Amino acid sequence: MKNLNYVGKSLLKEDSRDKSAGKTKFICDMQREGMLYAKLLLSEKPHAELSIDTREALAQTDIIAVYTYADIPKKLYNSHQWYPGIAAEFDEYLLSDKARFMGDRIALVVGKTKEAVERAIPKVKVHYTELPAVIGLEAASEIAFSKEITCGDYEKQFEKADYIIKDSGCTPKIHHAALEPHICLSELDDQNNLVVWTPCQTVFQIQHHISSVLDLPYNQIRVIKAVMGGSFGGKGQTVLEPICAFATHKLQKPVMLYMDRRDAILGTRSRNAAKMTVETAVDKEGKILARKVVAEIDGGAYYTNAAAIVMALGKKLFRLYDMKDQYYKGSTYYTHTISGGACRGYGSPQAHAITEVNMDHIAKVLNLDPCELRLRNLVSSGAKDLTGAPDIGNAQIRECVLQGMAAFAWQEKRQTIKNKNTARYAYGVGMACGVHGNGYKGAYPDFTQVDMSLLSDGSILVKISVHDQGCGTLMTMQQIAAEALDIDTSRIKVLEADTFMTPYDSAGTQASRVTFVCGGAVKNAGEKLITELINALCELKDCSSDSVETKDGCLFIKNSMQHYTYGDIAVLYELKYSKKLSVFVEYESPANPASFAACFAEVRVDKYTGEVMVLDCLAVHDIGQSVNPALVEGQIQGGAHMSLGMALFEEIEIDAKGYVKSTNFSKYHLMNAPVMPHVQVLTVEHGEPYGPYGAKSVGELAAVAPAPAVVNAINFALDTSITSYPVTPEVIISHIMNEA
Amino acid sequence: MTSPNFTSPKSLKTLCKSLRIKDENTFIAAGCTDLLIHLNQQRLYDYKIIDITHLTELKKIQEQNHTVTIGACVTMTELENSPIIARYFPALKDAAYHLGSKQIRNLATLGGNIANASQSADTLPVLFAYEAELEILDSSGRIRLSKVMDTIEGLGKNTLKKDEVILKIYLKKSAALSAFSKIGARSSVTISKLNACIKLDLTESSTILSASIYLGAVGAKPIQAQLIEKALTGRMLEGLRVDSLSPCIKDQIENAIPTRASKHYKKQAALGVMEDALGKIAALYLGASSEKEGTL
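Keeping their order, the protein sequence lines are chains L and X. Numbering-wise, the first sequence is residues 1 to 740 according to the numbering used here. Numbering-wise, the second sequence is residues 741 to 1036 according to the numbering used here.
Same shape as in the complex, but just chain X (with noise of 0.2 Å):
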């Protein structure tokens, strides 16, 4: 369907030509989860929409021999039942999930996640804690590469041009085991007041080598929690109790959001994030060595 204010590209070239006359009323439309909120909240009628979902390569989920390569136009239903994303990035399966409805998570997409830049999105810690890149497109026809967390400002900011959009983003494949957990007003059906992606390197015996750990919605953008990272390095998972953690914990969240009210809520919350997803990197550590054994 191609009209003055609405166009449905299925080639890359003619979503570059669409680029070329996008205006700040024009409207990049993937999932439309986010994008229907704003042009109500905003009152804003006379947009215009380049309809994305129409571009096949933008739906797909591929795995090359060093990365996994995720369309932008993929949804979070999508990643949920990918075993690709199951095998490779469990947090993300996870993040995935966790998003918003089912009936949200049928059409909201993880490009779509990228661009809004909204401070509580799930997917972001986790695409930060495996230094996720972005391939963006321009009206140009130029395609750069760029770092999700260097194209995220956070609060709806990113540092996309105007005729740029994203077509695609790309993971490092990795042995890691890693997982994502949240806290909002209710257990499901949320919008996160925090979350958590943490991402750990393991020797056969549990020890941990390395850990990435990344907080989301204390601060414009999800931030890297570095004392917790420190204090997990060179223990073991197994056995590892998270009060152990605690007052790292607590000055991670301290070091964030110092002058916010919710500090308080959230230092203590922080503990039941990080138990439930060194919890869940736990149990998929036991599932992988009793794998192991059982091929043995």
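Pulled out of the complex, with its shape left as it was, chain L reads as follows (with noise of 0.2 Å):
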């Protein structure tokens, strides 16, 4: 590969000076003339039939409005739908007619200012009658979706198996923490448009739910991706937008619609709950026959994911270990509790969170290393996917595990970090693997389109429909432009999302396809348009391309002493063939293949209160090519995060009547910073042949595999078998006193 200039450099992304400077402007900083506030009143009770009198709240100073379902249209939509050709159940209503869970959308109250909003909800009367709430898997029955994967004859393995290991676990629903809450803004211009400001991730989708629920003209409705205080896939589902939407073309003003945390907690997506068994067959050598995994997810009180989830769930377990033989069952079940949506790793933390725990059982019964099991049974480069999906790639993970075991000194230190034990403390290593994909390629619709122009004065204008959530997409896309023009990134501008000002994007920022796909597409265009400007030099300068040679932003003719800037050429260009120097692409994903990673966790358990600290942390990252090597670290470390949160502290607790308990940050604890170990990054940049300069994804990713392996560790440092997360110390100490 030639030498990069710009890919894999860690230059500063454009807006960091003003997000830590606080001047960067979020929804909640924007103001218009005669703009309205709004905010939903969200269900008390996790099931019931409503009556609301909304008279006392409308004869409250300031307010403007007061809507509930008696007042919107009576159109069901399905909020995780991203496009029409979607199939998709269509079940919630813009406010609902009856609470099916405890956050449900009931009610929006409209006024002047924010206080009068806030003094007038609680002067909404809402009468409910209740009814009896499903919750939780154990009481769900009814059945959302359900799917099977297979590959092979698992049942014709198990008989031959020398050992068949059994774990049951389950993952807790998490709230994706973003620090700033779900808001949006929704105006009309001065040709009557309605405009939606929203941190989004896919503005398509909020486009066609406001057209279909509003009964308006795709072409009149645009929506623009604002600043974001962060998503982790809490804001990929279309939740407020088009009630917003609603407010202003019914009252005709500009009205921002806001939540706070207990909102945004109850009132909008989680992490899909699961309940999983891993059943797999093994022989005396540790080689894997075949496996059983069967998923039991509490989809919510709205279909919304309940066949992503599923799918996407399921689908990671046939890339990771090569074995012939594997069958996955997957269900998602109504419950009165909050909708499943997207969150960050979609399916997989959960998926690795039980078959990860599951491998270090295997490797006990055998009396194996975990990594040395692991190492007989991963994929390898060119590895196929035996259920039909695309090609696996350039799997490298077999690298991250040996790289990981050097660095973390692995073998020494599973073998004498006992020796630290002391009465209270026990202290234990472990590891786990993980695997994510690179788009929707061979599922969905997974294409791009771009529009990329040189202008006048050399600077590059960029147009795609991306939605950067704070982890450096313009800088990435800047990057790889810059790679294929040979100009600096500060010349390029990539816009953001905008349905009036970007062209279409088929799936938006999710499911780990930006980089790989969206990149992809940049270096595509790129790659066309500096061989249009190199041939408009040829023609207006009569040479031959061989001879043209870019530097910088400039071209020269070898072999004399001429040399052009971009903008020289666009401007000669243009004056003599009445041309501008563009390019548009519409750019299909080649390939969907695996990215891979290997964690390793250090861990001290406290046998007496049951904290457990994380001492070190290792991620080994198969990324095939970093862009931008300061980001990736800290999409890895961000994960990171969240995935040992996930291990240790995360749950929306949902008591048995279906209340929620913890609806602040006081009660849902996160990993905060005085816990938070610093996690070692390590890359394995081995190039994947269809990514844009070997590039693949690693956002995603980085939510895998650390929760398994801090499991691991707390299991190997007390001989315990557990399965569940999160693992509280309440969980420690019972563990302790069960197993005594």
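Read the hints as simulated data drawn from the structure, not as lab findings. This one's a predicted model, so the numbers in the text were calculated from it and none came from an experiment. Here a beta-carbon is modelled for each residue, glycine too, at the ideal position from N, C-alpha and C. Honestly, I wouldn't trust all of these hints.
With a straight-line cut-off of 27 Å between C-alpha atoms, the simulated DSSO-like cross-links for lysine-lysine are [stated by the list, open to error]:
(1) K897(X) <-> K667(L)
(2) K112(L) <-> K788(X)
(3) K551(L) <-> K580(L)
(4) K901(X) <-> K753(X)
(5) K1003(X) <-> K667(L)
(6) K800(X) <-> K901(X)
(7) K329(L) <-> K156(L)
(8) K74(L) <-> K123(L)
(9) K842(X) <-> K23(L)
(10) K1003(X) <-> K661(L)
(11) K418(L) <-> K1020(X)
(12) K762(X) <-> K788(X)
(13) K667(L) <-> K842(X)
(14) K970(X) <-> K1003(X)
(15) K842(X) <-> K19(L)
(16) K114(L) <-> K788(X)
(17) K897(X) <-> K661(L)
(18) K287(L) <-> K166(L)
(19) K156(L) <-> K166(L)
(20) K788(X) <-> K123(L)
(21) K762(X) <-> K990(X)
(22) K420(L) <-> K1020(X)
(23) K156(L) <-> K284(L)
(24) K1003(X) <-> K912(X)
(25) K112(L) <-> K253(L)
(26) K887(X) <-> K897(X)
(27) K166(L) <-> K19(L)
(28) K98(L) <-> K74(L)
(29) K364(L) <-> K324(L)
(30) K23(L) <-> K580(L)
(31) K1003(X) <-> K657(L)
(32) K551(L) <-> K125(L)
(33) K661(L) <-> K123(L)
Selected chain X positions facing chain L (Cβ under 8 Å, derived; list incomplete) [unchecked claim]:
(34) Q782
(35) R783
(36) Y787
(37) I923
(38) A925
(39) R926
(40) S928
Please assemble the complex out of the two chains, which come individually in their own frames, going by the hints.
Written as structure tokens, this is what we have:
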């Protein structure tokens, strides 16, 4: 591969200074002439018929409107459906006719000030006629979606196996905990188009939902991706935008719909809780023969992603270990709880949470080192997905494990760590692997359009519908464009998604597709534009393209003194040929390889208080090629933060009757700075053939392997067999008590 | 700043004037770290505030011959950094340091932690163990003294009358060594699931002459751990192993919360809390003896 000038450099993303100085304007900072504020009233009951009296609320000072089910268009939608071609159950109204979970949208209060809105909300009189609520997977019976995925014949292998090792475990509902709670702003522009500003992940999805619910044409709905204070999948589904747009449409006024933390926990989406049973057949040598995985998933009160979570979770199972026979069945159940949605890793954290603990269980039974067991079974470069999904690609997970073992001093630690034990503290090390995808190829349309122009001053404008979630997507695109065009990133402007300004993108900023697919599209457009530019020079100066060299925004004709800036050529070309140097590309993803990670962790368990400290954490990622190493490191550390939180603390607690207990950050426990270990990062960069400059995904995968690595470390420390998450101090103590 | 809904008295006289018209919608504000949460959660908008942070004498830590006086508006950060507190009441320094986050500690006051009367309050077990007294002012200007343990009812309730405000906290100086320890959902920036103050009078050879121990978050207000106190009295601190106290620690928790599901966890966790606190006292003891040796 040629030397890279821009890709692979830790360039500072352009919004860093303003964000760290507090200058960046988020939606909550926006102001409009005559703007109204709106807030949802969320159901206090898990399941109830509603009778709502809005009169008193409407009589409050500065209250403009109070909407309920009676006021809204009786049009159902599915907030997960990102384009109309996806099969989905439509079961959500803008405002619900009845309460289906504690947090359901039941009224919208609109007023001139936030204070007026806050004062009026308790004046909306809701009479609940309570109905029996189905809470938790144990109680659930109504299936929203169920699917089997298989390869080979696992039953035959189970008969031959020396051992069948079985584990069952649960993972909780998790709140995304983006610092910015959900918010959006809608207004009408001079042409009476409905304009919606939102920190979202897919503008075209929101345009689609607003169009269908309000019965407005797509081309009168402009959705603009606003600066985002974090999403992690939480802002992936369309929750606030249609009802906000409805208020603007009705009142003909700008409306800002905001949530607080309680609303964001109760009234948006969660990572689906799951219960999984894993049975793995192995021979004496530690070769996996077959596996059977059954996943029951808590889908919550609405259909939303019921199908997607079953598929996303299941597909990962066929791409990490080499086994010919495997059976998976996933079923999503309705319950009267918070609905499921995208959440960093989308099924992978749940899948690996149990399967990777099962791997350590196998290692223990066979008396094998857990790394050794994995090395005997991990996929290799060029592996096929036996279910018929796209090829696995240049899999370097073995390399990740080997490099991790060396850097972590795995064997030595595994043998000696227990020497540190005291009467009170037990020490352990553990590891786990993980796999994730690179887009939708093989499942859904996966393409994007890019409009790239060379402007007269030599700068570059790239129009593409990406949504920077704060992780540096724009800088990543700039670096890829810079590499293709051989011009500094500071001369490249990449726009974010805007349904009126940027061209179509089939699937949004989700599914770990942006670096791989959108980055691939930008590279493709850049290569076409630089070819056009060189051809233009050749036409203008009558030279051959072989004799042209580019360097840092300039063109040189070999063996001559002539050189031109890109801007010079743009101007000359326009003058002579009446044409603009620009390209429009529609790029379909050529592949959907896997990204891999191995994570290693050292823990100290307090056998008195049950407290677990993660003393050391190493994450080794197979990412093909790092576009921006600083951003990659940030993603891996941030992903580890979420995963370690899942391992030890995070859970939306819902009691047996369906009431949510953890409605703020003093009761929903994130991993905080004092307990967060430094996460060391290693990357394996051997290039992914179809990725832009060899790059593939990292951001979602980063949230997968740390959790099971920590649980494996705890089980090693205590000689327990914990398989459910989170492993709170109470869980530790109850295991110690039970196993004593 | 003074408005009909907000007064900021600078003297006790004007404070009394404000207290005279204090109604159930008037709140006394110091650090506001609990007050603002309360106002938000209760959706209160039409309230009045008496801001007591401009009364300079409420912001001091003063040492007298036999007592130390702490103003109600002294913050956790100030307690944590005070050499006087460190010298005479090490557990109070500890408790202040372990309360909330740095940002909270910079604002939260001792008076507020008392008046808020949370069952998880971190300074209360310490104030109970030291039998701290409060100086309380009412709207007529009368001042009365009351023990902290008599003022706290717990679960957010105290016995202060509507027109009363805590001015100062009195602690008797002592040669006892003390420590505070807690556990929550996380190791720091966390609300106590269990906390404890241990205060020991020791001989030079580390024999425990008397022990005063209070446990928090196992009842509406801190409870005196008499079983553990008794078990410790007469024993040597040096070489003391917490396992040897295990049965009585567990009994103590069982007695405190016999019907709570959390008792199983707290019984075990109390061992850790006790060991941490005893370990801190042992370190203080060693520090104190080596200091003495140094001066000889």
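Right, here's what the structure says about each hint:
1. For the hint pairing K897(X) with K667(L), the CA-to-CA distance comes to about 21 Å; that is within 27 Å, so the pair holds.
2. For the hint linking K112(L) to K788(X), the alpha-carbon distance of about 24 Å falls within 27 Å, and the restraint holds.
3. Straight-line distance between C-alpha atoms of K551(L) and K580(L) comes to about 21 Å, which keeps the hinted pair within the 27 Å bound.
4. Distance restraint check for K901(X) and K753(X): the Cα-Cα separation of roughly 18 Å lies within the 27 Å cut-off, and the hinted pair is therefore satisfied.
5. Restraint check for K1003(X) and K667(L): satisfied, since their Cα atoms lie roughly 19 Å apart, inside the 27 Å limit.
6. Distance restraint check for K800(X) and K901(X): the Cα-Cα separation of roughly 24 Å lies within the 27 Å cut-off, and the hinted pair is therefore satisfied.
7. Between the alpha carbons of K329(L) and K156(L) the distance comes to roughly 18 Å, so the proposed pair stays at or under 27 Å and holds.
8. Among the hinted pairs, K74(L) with K123(L) is consistent with the structure: their alpha-carbon atoms are about 25 Å apart, no more than 27 Å.
9. Taken as a hint, the K842(X) and K23(L) pair is honoured in the structure, with Cα atoms around 24 Å apart against an allowance of 27 Å.
10. About 20 Å separates the Cα atoms of K1003(X) and K661(L), which keeps this hinted pair within 27 Å; it holds.
11. As the CA atoms of K418(L) and K1020(X) are separated by approximately 26 Å, the hinted pair is consistent with the 27 Å bound.
12. Among the hinted pairs, K762(X) with K788(X) is consistent with the structure: their alpha-carbon atoms are about 8 Å apart, no more than 27 Å.
13. Restraint check: the Cα-Cα separation between K667(L) and K842(X) comes to about 19 Å, which is no more than 27 Å; the hinted pair holds.
14. Only pairs whose Cα atoms come within 27 Å are accepted, and K970(X) paired with K1003(X) is accepted, the gap being roughly 22 Å.
15. At most 27 Å may separate the alpha-carbon atoms for a hinted pair to count; K842(X) and K19(L) meet this at roughly 23 Å.
16. For a cut-off of 27 Å, the pair hint linking K114(L) to K788(X) stands: about 20 Å separates their Cα positions.
17. Between K897(X) and K661(L) the CA atoms are separated by roughly 23 Å; this keeps the pair inside 27 Å, and the hint holds.
18. For the suggested pair K287(L) and K166(L), the alpha carbons sit about 16 Å apart, so the restraint of at most 27 Å is met.
19. For the hint pairing K156(L) with K166(L), the CA-to-CA distance comes to about 17 Å; that is within 27 Å, so the pair holds.
20. As the CA atoms of K788(X) and K123(L) are separated by approximately 22 Å, the hinted pair is consistent with the 27 Å bound.
21. The hinted pair formed by K762(X) and K990(X) fails the criterion: a straight-line CA distance of about 45 Å is larger than 27 Å.
22. A hinted pair counts as satisfied when its Cα atoms are at most 27 Å apart, and K420(L) with K1020(X) qualifies at roughly 21 Å.
23. Proximity of K156(L) to K284(L) is assessed by CA-CA distance (about 17 Å); at most 27 Å being required, the pair is judged to hold.
24. Between K1003(X) and K912(X) the CA atoms are separated by roughly 34 Å; this puts the pair beyond 27 Å, and the hint is violated.
25. For the proposed pair K112(L) and K253(L), the alpha carbon gap of about 11 Å is at most 27 Å, so the pair holds.
26. For the hint linking K887(X) to K897(X), the alpha-carbon distance of about 15 Å falls within 27 Å, and the restraint holds.
27. Taking the CA atoms of K166(L) and K19(L), the gap is near 48 Å; set against the 27 Å cutoff, the hint is violated.
28. Proposed proximity of K98(L) and K74(L) is supported: the alpha carbons are some 13 Å apart, at most 27 Å.
29. Pair hint K364(L) plus K324(L) holds up; C-alpha atoms about 23 Å apart against a cutoff of 27 Å.
30. For the proposed pair K23(L) and K580(L), the alpha carbon gap of about 36 Å is over 27 Å, so the pair is violated.
31. Note on K1003(X) and K657(L): the hinted pairing holds, with a Cα-Cα distance of about 23 Å set against a maximum of 27 Å.
32. Of the supplied pair hints, the one linking K551(L) and K125(L) is violated, its CA atoms being roughly 69 Å apart against a limit of 27 Å.
33. With a C-alpha separation of about 24 Å, the suggested pairing of K661(L) with K123(L) holds against the 27 Å cut-off.
34. For the restraint placing Q782(X) at the interface with chain L, the shortest Cβ-Cβ distance is roughly 10 Å, beyond the 8 Å limit, so the hint is violated.
35. This hint holds: R783(X) has a C-beta 6 Å from the nearest C-beta of chain L, less than the 8 Å allowed.
36. Violation of the interface hint for Y787(X) is found here, the shortest Cβ-Cβ separation to chain L being roughly 13 Å, above the 8 Å cut-off.
37. Hint status for I923(X) relative to chain L: holds, with the closest Cβ pair at about 5 Å, below 8 Å.
38. Interface restraint check: A925(X) against chain L, minimum CB-CB distance 4 Å, threshold 8 Å, status holds.
39. Satisfaction of the interface hint for R926(X) is found here, the shortest Cβ-Cβ separation to chain L being roughly 5 Å, below the 8 Å cut-off.
40. About 4 Å separates the beta-carbon of S928(X) from the nearest beta-carbon of chain L, less than 8 Å, and the hint is met.
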